[in-house]
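Colleague: Residue numbers (the numbering used here), protein chains in the order written: chain A, 1 to 351; chain B, 1 to 351; chain C, 1 to 351.
Calculated directly from the structure, the hints in this document are not laboratory data. Positions of the beta carbon are idealized from the N, C-alpha and C atoms, including for glycine. Take the hints with a grain of salt, since some may be wrong.
To spell it out: a stretch of chain A is covered by chain C in this simulated footprint if at least three of its residues, at any positions, have a beta carbon under 8 Å from a beta carbon of chain C; those stretches are [what the hints assert, rightly or not]:
#1 153-166
#2 177-185
#3 199-207
#4 249-262
#5 274-285
#6 312-323
#7 336-342
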Amino acid sequence: MVTRVSGGWLLSELARSVGGRVEGDANRRVFGVATLEDAGPDDLSFLTNPRYRSALARSRAGAVLVGPGAGVDGRDLLVAPDPYLALAEILDRMHPAPRPAPGVSADARIGPGATLGTDVAIGPFAVVGSGARLGDRAVVGAGAVVGDGSVVGADSILMPRVVLYPGTSVGARCLIHAGVVLGGDGFGFATTSGTHRKVPQLGRVVIEDDVEIGANSTVDRGTLGETKIGRGTKIDNLVMVAHGVVIGPHGLLAGQAGVAGSTRIGSHVTMAGQSGSAGHLRMGDHVVIAAKTAVFADVPDGAFVAGIPAVDHRAWKRSLALVKMLPELRSKLRTLEERLAALEHRGKGNA
Amino acid sequence: MVTRVSGGWLLSELARSVGGRVEGDANRRVFGVATLEDAGPDDLSFLTNPRYRSALARSRAGAVLVGPGAGVDGRDLLVAPDPYLALAEILDRMHPAPRPAPGVSADARIGPGATLGTDVAIGPFAVVGSGARLGDRAVVGAGAVVGDGSVVGADSILMPRVVLYPGTSVGARCLIHAGVVLGGDGFGFATTSGTHRKVPQLGRVVIEDDVEIGANSTVDRGTLGETKIGRGTKIDNLVMVAHGVVIGPHGLLAGQAGVAGSTRIGSHVTMAGQSGSAGHLRMGDHVVIAAKTAVFADVPDGAFVAGIPAVDHRAWKRSLALVKMLPELRSKLRTLEERLAALEHRGKGNA
Amino acid sequence: MVTRVSGGWLLSELARSVGGRVEGDANRRVFGVATLEDAGPDDLSFLTNPRYRSALARSRAGAVLVGPGAGVDGRDLLVAPDPYLALAEILDRMHPAPRPAPGVSADARIGPGATLGTDVAIGPFAVVGSGARLGDRAVVGAGAVVGDGSVVGADSILMPRVVLYPGTSVGARCLIHAGVVLGGDGFGFATTSGTHRKVPQLGRVVIEDDVEIGANSTVDRGTLGETKIGRGTKIDNLVMVAHGVVIGPHGLLAGQAGVAGSTRIGSHVTMAGQSGSAGHLRMGDHVVIAAKTAVFADVPDGAFVAGIPAVDHRAWKRSLALVKMLPELRSKLRTLEERLAALEHRGKGNA
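Could you build the full structure based on these sequences and the hints that come with them?
Modeller: The structure is reproduced here in structure tokens:
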């Protein structure tokens, strides 16, 4: 799908807006941005991942956004210091995110004592509980449920069918995707004589500013304290954050990652897809957890871990390499046994 | 639970309809289909998985559907070339899938410019956005949300609480289960100085014909292009398909599988439960990914891979076997060391 | 967040109610319960996990709930035989779970022939299908959908946006969290010539009494028989239970666990986070499946398994240790080769 906009932009104009420069025709005009595969002569495309260099050769794109030293010839280029960031900026400029018109649907239900900021937009069949507070320009999508006493900050968007349990707090400029559930009970049970008695879950969920949470992800309330997602943290789809977890600012949790109860994660931590962490652990800042990894112990600042259980990713790679060498090790061992037996035999013959 | 139908069917009649034959009493009449465990003398049961042969011995079933050469004696049998397929056909015949009566609930909200085919059924509290198009006999379940400009093909069913983000396209004869979210934003952020700036997600999701998607699964829109699920592909529950992924026709993605951004998957590919693939990869046709596998590299046509990271499944099994042999290898090594030391000692004695 | 209650409770009174005793000032009055970190002098805190002993030293808590022999000095203590159970009991006492006021929202839709017990509470935009039955004091949250002919037992709660497909049965005192889907179609397809034909899914889901199911989890209906969750079983968020699975009473399935079709699980089984089981297996009673484990074979009573594929957890740990020793094994092998070569050389010299 090619996204084109009438009027168009000069390459020089776009370059200036992202702190870049043009190589080639600075007066070329582009009308939209498209992938290398889909772009035509009127489009700007981009090379932000070297894997797609071969697609570039075949691309019909009129101009291409690249990083410094990309080594691309015969094209009009927009060279930006960080081309992926420049792509974000250009797309924002070409396609300012649409927001629903302000207004409260006649089919929404607003509880007593709820306070609505200016220019909020509330869709049909949404429910805003008693005492809830929506900041200015907050959006509550169709069928979403904002529990009693919950707070949604200014400019935040709850997509359709989001559920906030009572007492949940969402900061400003957050984007919560469809089907997300914030504030469900933590998984806490006291087991006696084989039966599981529920430990009441009385805490809440706090989502700080500028957080995005992907479709159908869930964040449970703390047993007594807070489950907290730090500002600027981005969470993908189908991610599970358990009760009492604290995730520092500027984290990235990719699809289907999970964090068990009470684990505390520092700032700028990346958990790749389908990775998980056991409960009651501490991860430092700037930690990277590889895809499919299972963390069963504390992780220090700056560590990059992989494997089940998680170890330093170099150790993990070494283990994999050694396991691959096992057939060779085994055959060497056999050879040694034979040579040794021959020697022993000769030794006896000599004796 | 036994599913019985009044009137019943002659075994001979059922056999004819599935291209099979009867061994035993072709005039036996069955009134429903049930598992070996639950079936009574009026029921047809089935043996489609050899694991349940012992359950067959105990079963009270009046007749049993089996494959050729099943070696079952003392029973009235319906022998079909592909008994599991025959089971599907017989169940379809006995229990035509119920569809809701056509009509638009007075409690649904239909946006301006939306077009509804003949005999559509729209449940209470459903929302159909402006400019959306529903094909003939399409079903939109209670509380489902069809975003502005989305398309739902003829005979497709959106179960309750499905959400289609604006611009999503669903083909004909699709079945989208409750809680599915199609078209949420891809997980794309440009990270600079440790903060994550959203890359606008402007593409869309295209679901081709005859696709089924299980409860609470999510498919994200492409950044600019399409995320596409090929025709006839079946997706289980809680599966995550990221932005820009293309899945070829006739795939099978089992529960909790996940595919990261921009990966392209060929036709007839099976991903078993809890398996995952990294992004920007290519999988060929007829690939099989074992359960819990993590794919970190391209996979050629016809490969059957397993492990973390994924390798050919025979190599994976060999590695497992070798790891199991490690205690033996270690003790052989010790024995060799002792024997060698003895030889060396004798050698010195001789010297 | 500190949870305080006006009036307060005597430590002695709380101790008596949980079968415990006070060490220190039995007349101390506490007004709420809080974590060690958050508690102030008016709060009772608790040490139920030894990892938090250091937090205890720093805590400002007025009194602390501990187990016998905790070895904590200089604090007013409530010593209970099972402190985590006592915590549950004390929280229940201080904070009886709020239930919505009985009543049926004017914005809910109740189908023909549905029967509602006394004091049910049905939220706005909920849909109760024809012939459905709700037990006394049952709660159906905002936007939840109870399919035709489904049953919800007395005192059970469906949180907002739960979907029960037609014919689902939920027992008494169950708590089903937001976004849960019960009764979606099982993932059953007969593949012929590369295309997948749907096997009709005609069974149902039966949830026994006292079950809790976490946000956005899914349980599929059986193909013909039942998918059953045994009484007292607790299921966390984003868990997938496939068609025909039977889970015995008093199980625990942690976040993102998955069970494939027709597997039968005994009583008191624990599946930790992100673990999974293949289909058509049998697990005995009192089985424990470690986090991230993949079960590919039957598991006997009482087993504790880990790894991919699952093995006895001690064997798994041994394998990990041996893999770690591989560098050492390899270097020993090299040394042996050198020593052997030397001996062989000398042998030749002697000859």
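Colleague: Could you work out which earlier hints the structure fails to respect and list their numbers in ascending sequence?
Modeller: Violated hints: none at all, because every hint is consistent with the structure.
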